[in-house]
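First to last, the protein sequences are chains U and H.
Just so you know, we're using our numbering here: the first sequence kicks off at 1 and counts up by one.
Just so you know, we're using our numbering here: the second sequence kicks off at 1 and counts up by one.
No lab work stands behind these hints, which were simulated from the structure alone.
Given the structure is predicted, the values throughout are model-derived calculations rather than measurements.
Even glycine gets a Cβ: it sits at the ideal position worked out from N, Cα and C.
There could be a bad hint or two in this list.
Said to hold, decoys possible - Examples of chain U residues toward chain H, derived with CB under 7 Å:
1. N24
2. G26
3. K27
4. S52
5. L56
6. E100
7. Y106
8. A115
Claimed, not checked - In the EDC-like style, the derived pairs of lysine to aspartate or glutamate whose C-alpha atoms are separated by at most 16 Å in a straight line are:
9. H:K315 x U:E110
10. U:K74 x U:D34
11. H:K107 x H:D340
12. U:K74 x U:D94
13. U:K66 x U:D54
14. U:K111 x H:D316
15. U:K74 x U:D54
16. U:K74 x U:D99
17. U:K74 x U:E32
18. H:K315 x U:D114
19. U:K38 x U:D54
20. H:K315 x U:D34
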Amino acid sequence: MSEHYLDIVRQVLDRQVVDANHYNCGKVDDIELDLSGKLPRVTAILVGNQYSSDRLPEFAKWIFQKFFGRSRVKIPWSDVSAITDDVKLAKNADEYGLDERNGFVYRFIEKLPDAWRK
Amino acid sequence: MSKYLEIFLGILTAMGGFVEIGELLFTVNAGVKFGYSLLWMIAVGTIGIIVFCEMSGRIAAVTSQPVFYFIRQRAGYGAGLLTLLAANLASLLTCAAEIGGIAILLKLLFGGNYFLLVVVTLIFLLLTVWFLSFQAIERIFGLLGLMMLVFVAAGFWFGPDWSQMAAGFVPNIPEVKTSSDYLVYAYFAVALLSSIMLPYETYFYASGAIEDGWNPASVTQNRLIVIVGFSLGALLAVGLLLNGALYFQPLVIEPQLPGTAALAPAFAFGKYGLILAILGMFFAFSGAAIENSLTAAYNLSQFFGWSWGKYRVPKDAPRFHLSWMVVFVLAALIILTGVDPVQVVEYSIVFSIVILPLTYLPMLLAARDEDYMGPYANGWLAAILGWAYFVLICIAALAAIPLLVITHGGRG
Numbered sequence: 001m002s003e004h005y006l007d008i009v010r011q012v013l014d015r016q017v018v019d020a021n022h023y024n025c026g027k028v029d030d031i032e033l034d035l036s037g038k039l040p041r042v043t044a045i046l047v048g049n050q051y052s053s054d055r056l057p058e059f060a061k062w063i064f065q066k067f068f069g070r071s072r073v074k075i076p077w078s079d080v081s082a083i084t085d086d087v088k089l090a091k092n093a094d095e096y097g098l099d100e101r102n103g104f105v106y107r108f109i110e111k112l113p114d115a116w117r118k
Numbered sequence: 001m002s003k004y005l006e007i008f009l010g011i012l013t014a015m016g017g018f019v020e021i022g023e024l025l026f027t028v029n030a031g032v033k034f035g036y037s038l039l040w041m042i043a044v045g046t047i048g049i050i051v052f053c054e055m056s057g058r059i060a061a062v063t064s065q066p067v068f069y070f071i072r073q074r075a076g077y078g079a080g081l082l083t084l085l086a087a088n089l090a091s092l093l094t095c096a097a098e099i100g101g102i103a104i105l106l107k108l109l110f111g112g113n114y115f116l117l118v119v120v121t122l123i124f125l126l127l128t129v130w131f132l133s134f135q136a137i138e139r140i141f142g143l144l145g146l147m148m149l150v151f152v153a154a155g156f157w158f159g160p161d162w163s164q165m166a167a168g169f170v171p172n173i174p175e176v177k178t179s180s181d182y183l184v185y186a187y188f189a190v191a192l193l194s195s196i197m198l199p200y201e202t203y204f205y206a207s208g209a210i211e212d213g214w215n216p217a218s219v220t221q222n223r224l225i226v227i228v229g230f231s232l233g234a235l236l237a238v239g240l241l242l243n244g245a246l247y248f249q250p251l252v253i254e255p256q257l258p259g260t261a262a263l264a265p266a267f268a269f270g271k272y273g274l275i276l277a278i279l280g281m282f283f284a285f286s287g288a289a290i291e292n293s294l295t296a297a298y299n300l301s302q303f304f305g306w307s308w309g310k311y312r313v314p315k316d317a318p319r320f321h322l323s324w325m326v327v328f329v330l331a332a333l334i335i336l337t338g339v340d341p342v343q344v345v346e347y348s349i350v351f352s353i354v355i356l357p358l359t360y361l362p363m364l365l366a367a368r369d370e371d372y373m374g375p376y377a378n379g380w381l382a383a384i385l386g387w388a389y390f391v392l393i394c395i396a397a398l399a400a401i402p403l404l405v406i407t408h409g410g411r412g
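Take these sequences, add in the hints, and give me the full structure.
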């Protein structure tokens with residue numbers, strides 16, 4: 001990133017993630033930091049219910065993981081191509097397993113009449 | 001479409017979509033119980049919804065980001081999730097109440113089994129939202145909901161006392177028989193405020209602005225639509241209250257069903273008044289049911305970062321589309337349990353005001369943030385009104401549940 005200054009909580013955490021085709025593929029649910037150096041360094045953005053529910057109190061976390069699974073996708077910081085209002089990725093969502101058009105919900109919706117209309 | 005026609009249609013749509021089943025029943029009954037005394041609360045609520053929707057519409061136009069995007073950013077994941085669950089529960093309850101109301105109207109029109117009509121209503125709503133575009137839904141239900149104006153015509157046909165009516169617009173406490181009636185008055189004041197400032201209207205309005213492709217140039221259009229459209233919508237609420245005060249109060253009838261409320265226009269204008277009232281309610285309730293189901297789907301999608309919008313090819317936003325379908329089905333199931341839709345209305349209205357501050361505050365903070373909004377950030381008037389209403393809805397939110405319990409849902 002060419003930014004001189006980036007507020008990682010305000011400008012990255014909980015922001016919309018979009019892929020190279022500007023398709024919505026989740027939110028930045030958490031951020032991975034490397035704390036081994038002199039200064040903390042962002043190494044990845046984390047997307048998925050496992051990460052977001054880790055931010056909840058224990059009981060709520062248990063419920064959410066029980067009902068909505070523990071999906072987790074780690075996207076290397078080097079794959080982030082731009083940060084505007086959204087966090088834009090350099091690759092397509094399906095390369096990270098984040099394309100909702102691959103799941104069972106899609107398979108149901110696409111079978112309905114007129115689901116392909118413009 | 002020319003800009004002016006778009007604004008004109010937007011105003012009519014905002015007006016036609018102003019009333020739903022909760023507002024209808026609470027407003028008519030407020031008139032029955034307290035005559036003109038609660039007219040001022042219609043004015044207070046209308047200014048409140050104008051302030052809230054103007055802010056969220058402006059944010060959507062300037063940033064292309066809807067309500068739950070900001071709520072997650074501003075409140076964080078945990079508090080944002082709580083807000084999401086509460087908002088969607090309120091939308092689900094409201095949607096259920098509307099479906100129950102529509103089924104009651106269909107029963108009045110065609111007769112038949114109520115539960116079967118709930119299923120018919122469900123199928124009608126599912127097909128409507130699936131096959132019609134966002135703009136078509138907005139226009140059809142908003143514009144045909146204008147048939148509700150027959151309630152306004154009836155209200156004035158009954159010959160209101162103009163000086164008493166004017167006095168009703170000034171905050172007042174009426175003379176009542178017992179001290180517990182003061183609490184009932186307070187309950188109706190809070191419920192009226194809530195029914196006019198239902199939070200789903202704001203989420204839907206902001207998401208709709210993005211569906212309609214608004215941009216910073218749309219800020220003036222936004223302002224015109226909310227100010228003129230909602231003010232004219234308030235006229236509907238005034239008409240309903242007059243129906244209660246001038247027709248039902250002398251008969252000592254407290255309408256608990258939409259069909260009963262339609263008796264006032266029927267008395268004033270005969271068969272045609274009755275048909276217009278029932279059709280107007282049908283389109284107003286259907287519009288509100290659709291708005292609530294779509295709102296819940298918008299909220300979920302925006303919070304979790306899914307692809308969303310009626311403008312997208314359905315297969316490209318599968319979770320969004322499944323979400324509104326699930327909301328309709330759950331809402332219909334609630335009504336199919338046999339629960340009284342009017343009781344669902346009551347709970348949805350009270351619950352809505354309780355959660356309103358949770359969504360109002362993040363929007364207020366975003367609207368005043370010059371980093372986000374640049375030159376479109378809140379000016380002095382929006383800032384003063386914004387904070388004043390935040391205080392007001394916090395007080396109403398704190399009072400709502402105790403008043404519901406103490407007054408037994410306004411029955412005293």
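Verification of the hints:
1. Below 7 Å, beta-carbon pairs count as interface contacts, and N24 of chain U has one with chain H at about 4 Å; its hint therefore holds.
2. The interface hint given for G26 of chain U is met, as the beta carbon of that residue sits about 4 Å from the closest beta carbon of chain H, less than 7 Å.
3. Of the supplied interface hints, the one on K27 of chain U holds, with its beta-carbon coming within about 4 Å of a beta-carbon of chain H, less than 7 Å.
4. With a cut of 7 Å, the hint placing S52 of chain U at the interface with chain H holds, because the nearest CB-to-CB distance is about 6 Å.
5. Given hint, L56 of chain U at the interface with chain H, holds; its Cβ is 5 Å from that chain's nearest Cβ, closer than 7 Å.
6. A distance limit of 7 Å between C-beta atoms decides the matter here; for E100 of chain U the minimum to chain H is near 5 Å, and the interface restraint holds.
7. Among the interface hints, the one on Y106 of chain U holds; its C-beta lies about 4 Å from the nearest C-beta in chain H, closer than the 7 Å criterion.
8. A hinted interface residue such as A115 of chain U counts as satisfied when its beta carbon comes closer than 7 Å to some beta carbon of chain H; here the least separation is about 4 Å, so the hint holds.
9. Restraint check for K315 of chain H and E110 of chain U: the C-alpha separation of about 5 Å stays at or below 16 Å, so the hint holds.
10. Of the pairs offered as hints, the one joining K74 of chain U and D34 of chain U holds, with about 14 Å between alpha carbons and a cut-off of 16 Å not exceeded.
11. Restraint check for K107 of chain H and D340 of chain H: the C-alpha separation of about 15 Å stays at or below 16 Å, so the hint holds.
12. Simply put, K74 of chain U and D94 of chain U have alpha-carbon atoms about 13 Å apart, close enough for the 16 Å limit, and the pair holds.
13. Our distance criterion of 16 Å between C-alpha atoms is met by K66 of chain U and D54 of chain U, whose separation comes to about 13 Å.
14. Taking the CA atoms of K111 of chain U and D316 of chain H, the gap is about 13 Å. The hint holds against a cut of 16 Å.
15. Taken as a hint, the K74 of chain U and D54 of chain U pair is honoured in the structure, with Cα atoms around 15 Å apart against an allowance of 16 Å.
16. Straight-line distance between C-alpha atoms of K74 of chain U and D99 of chain U comes to about 14 Å, which keeps the hinted pair within the 16 Å bound.
17. Simply put, K74 of chain U and E32 of chain U have alpha-carbon atoms about 9 Å apart, close enough for the 16 Å limit, and the pair holds.
18. Taking the CA atoms of K315 of chain H and D114 of chain U, the gap is near 9 Å; set against the 16 Å cutoff, the hint holds.
19. Among the hinted pairs, K38 of chain U with D54 of chain U is inconsistent with the structure: their alpha-carbon atoms are about 27 Å apart, more than 16 Å.
20. The hinted pair formed by K315 of chain H and D34 of chain U fails the criterion: a straight-line CA distance of about 39 Å is larger than 16 Å.
Hints 19 and 20 from the earlier list are contradicted by this structure; the remaining hints agree with it.
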